[in-house]
Amino acid sequence: MTEKCACEPAEVLLFPCSGGSNCGRIADRAAAELHSAGRGRLFCLAGLGGHVKGLIESAKAAKVLVAIDGCPLACARKTLEHAEFVPDVHLVVSDLGIEKRSGHLEYTAEELDPCCNRLEQELAARVALTAKPSP
Amino acid sequence: MKKVQVLGTGCPKCQQTAANAKEAAQAAGVQIELEKVEKPADIAKFGVMFTPALAIDGEVKVAGRIPTVDEIKVWLAS
Chain A
207 MTEKCACEPA EVLLFPCSGG SNCGRIADRA AAELHSAGRG RLFCLAGLGG
257 HVKGLIESAK AAKVLVAIDG CPLACARKTL EHAEFVPDVH LVVSDLGIEK
307 RSGHLEYTAE ELDPCCNRLE QELAARVALT AKPSP
Chain B
787 MKKVQVLGTG CPKCQQTAAN AKEAAQAAGV QIELEKVEKP ADIAKFGVMF
837 TPALAIDGEV KVAGRIPTVD EIKVWLAS
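So the protein lines, in turn, are chains A and B.
When the letters of the first sequence are read in order and numbered with my numbering, they come out as residues 207 to 341.
When the letters of the second sequence are read in order and numbered with my numbering, they come out as residues 787 to 864.
Keep in mind that the hints were calculated from the coordinates and are not lab data.
You may find that some hints are simply not true.
Beyond 10 Å from chain A on every Cβ pair, some chain B residues (computed) [unchecked claim]:
no. : residue
1   : 814
2   : 815
3   : 822
If the Cβ cut is set under 8 Å, some of the chain B residues that face chain A in the computed set are [stated by the list, open to error]:
no. : residue
4   : 794
5   : 834
6   : 842
7   : 845
8   : 846
9   : 850
10  : 863
Every residue, glycine too, gets a C-beta built ideally from N, C-alpha and C.
Just need the whole structure built from these sequences, with the hints factored in.
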């Protein structure tokens with residue numbers, strides 16, 4: 207059996223905040239949707255915050271780092287910065303017109319779907335602008 | 787004796803990484819034990835998502851690209 211080679215690093219890594227609010231859950235779900243759609247790869251934000259060396263070195267191999275935060279507290283972006291990364295793209299769910307409800311994890315498809323669409327559009331536009339040339 | 791582990795499923799990039807490690811060790815005069823870690827489940831234990839990767843004495847030094855001989859020499863010396 208031929209094992210799949212992991213020698214082609216993902217172009218785009220997605221780091222949602224996954225916080226404890228409806229917006230945090232939407233950020234997490236939207237990142238998973240983007241992952242499933244092949245727009246990027248969902249990555250381990252906690253691993254970077256925890257300074258897990260293998261994950262940090264893997265993240266260095268990506269071309270575009272995307273922080274997806276639920277709200278302006280920007281915990282995902284700040285966690286990346288704590289690990290000495292600067293996200294190329296930073297998206298905030300509450301900027302898309304969703305009111306943050308702390309401690310309330312429920313959200314509707316009517317809230318999630320426009321966010322996924324908007325994130326996908328912004329991601330495509332910004333990735334095109336921020337993509338680094340291949341070495 | 788330093789333990790150098792090359793992480794990857796065995797493609798040419800992994801083989802080049804192993805060759806660079808051998809060359810670096812020889813140039814630096816450092817004795818190494820070279821191990822190839824090829825099973826994805828074993829690679830994942832290092833937290834490595836992209837290969838080739840290289841670890842020295844259990845610490846991942848690089849992932850997702852072939853390290854140069856000079857880079858590995860520095861890591862072996864530290």
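Each hint tested on the structure:
{"no.": "1", "hint": "814", "in the structure": "21 Å, holds"}
{"no.": "2", "hint": "815", "in the structure": "26 Å, holds"}
{"no.": "3", "hint": "822", "in the structure": "13 Å, holds"}
{"no.": "4", "hint": "794", "in the structure": "7 Å, holds"}
{"no.": "5", "hint": "834", "in the structure": "4 Å, holds"}
{"no.": "6", "hint": "842", "in the structure": "11 Å, violated"}
{"no.": "7", "hint": "845", "in the structure": "6 Å, holds"}
{"no.": "8", "hint": "846", "in the structure": "4 Å, holds"}
{"no.": "9", "hint": "850", "in the structure": "2 Å, holds"}
{"no.": "10", "hint": "863", "in the structure": "19 Å, violated"}
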